[in-house]
Amino acid sequence: MKCRQYNVKIFEIGLDDPNSFRDFIDANLVLIKNHLLSLKGTLDETTKEFLDERGLKYVCNMELPLPGRGVNEFCLTKSDESSDSKAEESSSVITDEEPEEFKMDPLKIVKGPLRSGQYIQHNGDVLSTDRINSGAKIAAMGSVVALGKVDGDISSAGDCIIITPTKKGNILFHGTRIDGEKLIFPLNLIRFEGDDIVIKPISKKEFN
Amino acid sequence: MSKVIAVISGKGGVGKTTTTANIGLGIAMQMKQCVVVDFDIGQRNLDMILGLENRVVYDMVQVMDGEAALDQALIRSKANRNLHFLPASQTKDKSVLESAKIKQLLDELKKKFEYVILDAPAGIESGFEHTIEFADSAIVVVNPEVSSIRDSDRAIGILDSKSQLVKDGKEVEKKLIINRFDPDMVEKGEMLDSDDILEILGIELLGIVPEDKGVIDASNQGQPIIMNEKSQAGKAYKRISKRICGNKTPIVKPKASKGGIMGRLKGIFS
Ligand SMILES: Nc1ncnc2c1ncn2[C@@H]1O[C@H](COP(=O)(O)OP(=O)(O)OP(=O)(O)O)[C@@H](O)[C@H]1O
Ligand SMILES: [Mg+2]
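Sequence lines, in order, name chains F and A.
Numbering-wise (my numbering), the first sequence opens with residue 1 and increments by one.
Numbering-wise (my numbering), the second sequence opens with residue 1 and increments by one.
Hints are not guaranteed to be accurate.
Here are a few chain A residues that face chain F, going by a calculated C-beta distance under 10 Å [said to hold, decoys possible]: (1) K78; (2) N80; (3) D193.
With beta-carbon atoms standing in for the labels, derived distance ranges [claimed, not checked]: (4) F:K48 x A:S161: 17 to 23 Å; (5) A:Q33 x F:D26: 54 to 60 Å; (6) F:Q121 x A:E187: 40 to 46 Å; (7) A:G12 x F:E181: 45 to 51 Å; (8) A:E199 x F:K48: 54 to 60 Å; (9) A:Q33 x F:L127: 44 to 50 Å; (10) F:L64 x A:E145: 25 to 31 Å.
Okay, derived cross-link-like pairs now, DSS-like style, lysine-lysine, Cα gap no bigger than 27 Å in a straight line [what the hints assert, rightly or not]: (11) F:K108 x A:K32; (12) A:K101 x F:K111; (13) F:K168 x A:K170; (14) F:K111 x A:K170; (15) A:K110 x A:K3; (16) F:K137 x A:K110; (17) A:K110 x F:K149; (18) A:K175 x F:K111; (19) A:K230 x F:K137; (20) A:K92 x A:K175; (21) A:K255 x F:K167; (22) F:K137 x A:K188.
Bear in mind the hints are in silico, worked out from the structure with no lab data behind them.
The structure displayed is predicted, hence computed values, not measured ones.
Idealized CB from N, CA, C, for every residue including glycine.
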């Protein structure tokens with residue numbers, strides 16, 4: 001018997017309001033398209049079709065072996081159905097190596113203002129050194145650091161967002177909208193602490 | 001070396017055509033050979049503002065299609081002999097424009113004129129893209145309001161990705177004109193200040209043109225406001241034209257009328 005270990009990203013989401021569910025999925029499609037959706041609630045035909053049209057993979061009401069927040073990945077062991085010749089190459093049965101598709105791309109640096117209509121979609125971390133203007137957007141699988149003024153949209157599914165104060169920008173961290181009123185520091189660090197999203201000032205310590 | 005300057009804005013109705021007419025005339029007043037070209041195919045306006053509508057015989061599209069010679073289509077301004085005008089076609093639509101033909105036309109114009117000013121259509125569609133395609137430089141016209149600023153930001157982004165110069169690894173020069181600026185409204189906090197606009201757009205300021213009721217009348221008369229020595233908008237366009245021609249004329253920011261009627265009168269006569 002040959003097996004392989006995969007690290008799969010799970011996105012858990014409730015089905016109680018089908019309309020806002022669909023809106024949410026479409027708004028965050030870039031970020032969640034590589035995740036396995038773990039749906040909670042009743043899955044109707046329309047929603048099924050909706051998910052299939054977008055090629056999203058999902059399980060419904062499944063008890064997942066999630067060891068709690070902070071570990072947002074878990075391992076799914078599946079049998080390898082590949083032919084014999086291929087099986088020979090992968091002699092090691094279980095590998096810890098991350099599969100290619102989950103590897104992040106190198107840091108993307110955005111110099112100069114990001115202008116209205118410009119859209120950076122990146123499978124990795126993004127550093128923006130200038131303004132992000134109204135109508136511009138950054139969507140990153142990794143963290144986003146925005147050092148200039150942000151009037152545009154940022155969404156990150158990474159470890160953190162580091163951002164200057166903004167009231168106009170639409171900031172999403174792992175799909176959760178960040179209230180601009182709470183970005184009160186010259187540089188704000190947004191990240192998970194346990195289950196909660198917390199906003200803290202960036203201190204010198206963070207850079208060390 | 002002659003220069004092709006596209007006058008763009010993204011949003012419509014902010015003053016591209018007014019600006020084109022006035023700086024065209026302003027550059028001509030600086031004793032430079034200048035041509036203004038109406039790229040707003042299907043919505044010809046520049047001829048009226050220049051007071052030349054009754055002189056239009058051939059248009060730019062006919063020249064590009066070889067139906068008329070360039071010299072037949074060019075119209076010389078009565079107001080200033082250094083200024084020529086090439087009209088847009090009013091009957092065709094923008095889909096008639098083709099890159100190769102535009103390049104050929106602009107090359108021909110560059111041989112005759114030092115400054116070739118292109119009046120872009122509103123929006124960011126094909127007509128706009130064709131206007132910026134072979135420009136050496138762009139003048140971005142904005143009104144001090146958020147929608148105009150966002151639309152011009154978008155237009156700058158497209159300029160920076162689609163112009164031929166950028167594709168060749170060079171940069172297109174971009175300068176900003178803030179038009180219809182009303183210092184009283186700024187003072188009352190009802191209008192964005194020029195510094196805020198400059199910070200958002202991040203390009204060099206070429207000049208600030210105040211809101212001026214005389215502009216509409218001047219356009220209706222076919223006598224661009226720059227011909228009116230007393231008008232503040234006219235003076236602003238004159239300074240802008242000098243800057244385009246390389247003079248280091250300082251930027252003058254329109255001042256708010258300080259308190260009451262006397263202050264306002266002072267403002268008018270200063
Ligand atoms: N500084 C000014 N003060 C007052 N009115 C102005 C000023 N500048 C332009 N206008 C008026 O604004 C209107 C629109 O100007 P204009 O036609 O030049 O805009 P445009 O950007 O060329 O429009 P379009 O996008 O439709 O081509 C005109 O009625 C014009 O007279
Ligand atoms: Mg116009």
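Hint check results:
{"no.": "1", "hint": "K78", "in the structure": "violated, 41 Å"}
{"no.": "2", "hint": "N80", "in the structure": "violated, 36 Å"}
{"no.": "3", "hint": "D193", "in the structure": "violated, 15 Å"}
{"no.": "4", "hint": "F:K48 x A:S161: 17 to 23 Å", "in the structure": "violated, 40 Å"}
{"no.": "5", "hint": "A:Q33 x F:D26: 54 to 60 Å", "in the structure": "holds, 55 Å"}
{"no.": "6", "hint": "F:Q121 x A:E187: 40 to 46 Å", "in the structure": "holds, 42 Å"}
{"no.": "7", "hint": "A:G12 x F:E181: 45 to 51 Å", "in the structure": "violated, 35 Å"}
{"no.": "8", "hint": "A:E199 x F:K48: 54 to 60 Å", "in the structure": "violated, 49 Å"}
{"no.": "9", "hint": "A:Q33 x F:L127: 44 to 50 Å", "in the structure": "holds, 48 Å"}
{"no.": "10", "hint": "F:L64 x A:E145: 25 to 31 Å", "in the structure": "violated, 51 Å"}
{"no.": "11", "hint": "F:K108 x A:K32", "in the structure": "violated, 46 Å"}
{"no.": "12", "hint": "A:K101 x F:K111", "in the structure": "violated, 35 Å"}
{"no.": "13", "hint": "F:K168 x A:K170", "in the structure": "violated, 33 Å"}
{"no.": "14", "hint": "F:K111 x A:K170", "in the structure": "holds, 16 Å"}
{"no.": "15", "hint": "A:K110 x A:K3", "in the structure": "holds, 7 Å"}
{"no.": "16", "hint": "F:K137 x A:K110", "in the structure": "violated, 39 Å"}
{"no.": "17", "hint": "A:K110 x F:K149", "in the structure": "violated, 41 Å"}
{"no.": "18", "hint": "A:K175 x F:K111", "in the structure": "holds, 20 Å"}
{"no.": "19", "hint": "A:K230 x F:K137", "in the structure": "violated, 46 Å"}
{"no.": "20", "hint": "A:K92 x A:K175", "in the structure": "violated, 31 Å"}
{"no.": "21", "hint": "A:K255 x F:K167", "in the structure": "violated, 30 Å"}
{"no.": "22", "hint": "F:K137 x A:K188", "in the structure": "violated, 32 Å"}
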